[in-house]
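Undergrad: With chain B fixed as given, assemble chain Z onto it according to the hints.
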Amino acid sequence: MPHTNRTPAEAVEHYRGQIVRLLSCVTSAHTTVSGYHASDLPHRLSLADGDPVRLRGEQRLTLDATEQYRVHEDAEGWHVEIVGYLYAIGYEGRELVAYHWHPHGDSPITQPHMHVGADIRVGDRWLGKVHLPTGAVSLDRIVALAIAELGAEPLREDWERLIGEAAVR
Amino acid sequence: MATRTDNEIRELSPEEWDQLVDEKARKYLGMSGAEFERRLNAGEIDIDDSPDVTRVAMMLPLHAPHK
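Same order as they appear, the protein sequences are chains B and Z.
For the first sequence, the working numbering gives the first residue as 137, with consecutive numbering after it.
For the second sequence, the working numbering gives the first residue as 34, with consecutive numbering after it.
In isolation and in its complexed conformation, chain B is listed as follows (with noise of 0.2 Å):
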């Protein structure tokens, strides 16, 4: 059942414990926000300030995670959309992958889209300036992704029921 939310800061606060929550399952950095209210702009959630964490486990993981969003109401209440993210995973101080959607700005690449960091060149074109085509990704694959397939270690046991609660925000 949706959460309803009865105010702006409401939906904010909902919105951040889930993420926070998720982020728990391998890492115990902190979490900033930007703002509670409706805006023009949107706000922005960073982990850990904008710098990569490091991830525990055997490889030398890194996870970056930037979400923007914005606070709309609708007839259910005040809710929490994301409208633009960077999501982005490290190994051995490189980027192995980052996911990005940044729809607004002068960019003009306003689809998500994901790049790899594989030194392979495409005639004068290096793969890892190549945006790759992908649909919306949520933070809830990411870390899926490092814990299932990279090998990052989950720091609580629950992490499939939290990813899994996550997944149908």
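Calculated directly from the structure, the hints in this document are not laboratory data.
Beta carbons: idealized from backbone N, C-alpha and C, even for Gly.
Each hint should be verified, as a subset may be incorrect.
As the list claims (entries may be wrong) - Facing chain Z, from chain B, some residues (calculated, C-beta under 7 Å):
(1) GLU149
(2) ARG152
(3) VAL156
(4) HIS166
(5) THR168
(6) SER170
(7) PRO178
(8) ARG180
(9) ASP185
(10) GLY186
(11) VAL189
(12) LEU222
(13) HIS240
(14) SER243
(15) GLN247
What the hints assert, rightly or not - Listed next, with one range per pair, are the computed distances between beta-carbon atoms:
(16) Z:GLU48 / B:GLY213: 42 to 50 Å
(17) B:GLY153 / Z:GLU77: 34 to 42 Å
(18) B:ILE245 / Z:SER46: 17 to 25 Å
(19) Z:SER46 / B:GLU217: 39 to 47 Å
(20) B:HIS139 / Z:LYS60: 35 to 43 Å
(21) B:LEU281 / Z:ILE42: 41 to 49 Å
(22) B:ARG142 / Z:ARG71: 34 to 42 Å
TA: Same frame as chain B, now just chain Z:
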């Protein structure tokens, strides 16, 4: 079901957030936050230019594109 975490959440004022962006721009890009924002908005810097550029740019309140 409520789930307890030890992860701290910080809320920054607009001024504190500007200060944070300035700090990250200087750390990752070697320029002030104001200069980075101006050059990004002027199209002199591509948001996808490097991981560090994207990292700092996504901390800005990106506006509707200039047309």
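Undergrad: Next step is simple, just say for each hint if it's right about the structure.
TA: Status of each hint after checking the structure:
1. GLU149: violated, 9 Å
2. ARG152: holds, 6 Å
3. VAL156: holds, 5 Å
4. HIS166: Holds: closest Cβ of chain Z sits about 4 Å from HIS166 of chain B, inside 7 Å.
5. THR168: holds, 5 Å
6. SER170: holds, 5 Å
7. PRO178: PRO178 of chain B check passes; min Cβ-Cβ to chain Z is 6 Å, inside 7 Å.
8. ARG180: holds, 6 Å
9. ASP185: With a minimum Cβ separation of about 6 Å from chain Z (threshold 7 Å), the hint on ASP185 of chain B holds.
10. GLY186: Status holds, d = 5 Å.
11. VAL189: At about 11 Å, which exceeds the 7 Å cut-off, the nearest Cβ of chain Z leaves the hint on VAL189 of chain B violated.
12. LEU222: Hint on LEU222 of chain B: holds, closest Cβ of chain Z at ~4 Å, below 7 Å.
13. HIS240: Result: holds, 4 Å to nearest chain Z Cβ.
14. SER243: holds, 5 Å
15. GLN247: violated, 12 Å
16. Z:GLU48 / B:GLY213: 42 to 50 Å: violated, 30 Å
17. B:GLY153 / Z:GLU77: 34 to 42 Å: holds, 39 Å
18. B:ILE245 / Z:SER46: 17 to 25 Å: violated, 32 Å
19. Z:SER46 / B:GLU217: 39 to 47 Å: violated, 23 Å
20. B:HIS139 / Z:LYS60: 35 to 43 Å: With Cβ atoms ~37 Å apart, the hint holds.
21. B:LEU281 / Z:ILE42: 41 to 49 Å: For ILE42 of chain Z against LEU281 of chain B, whose Cβ atoms are near 24 Å apart, the range 41 to 49 Å is violated.
22. B:ARG142 / Z:ARG71: 34 to 42 Å: Taking Cβ atoms as reference, ARG142 of chain B and ARG71 of chain Z lie about 39 Å apart, which means the hint holds.
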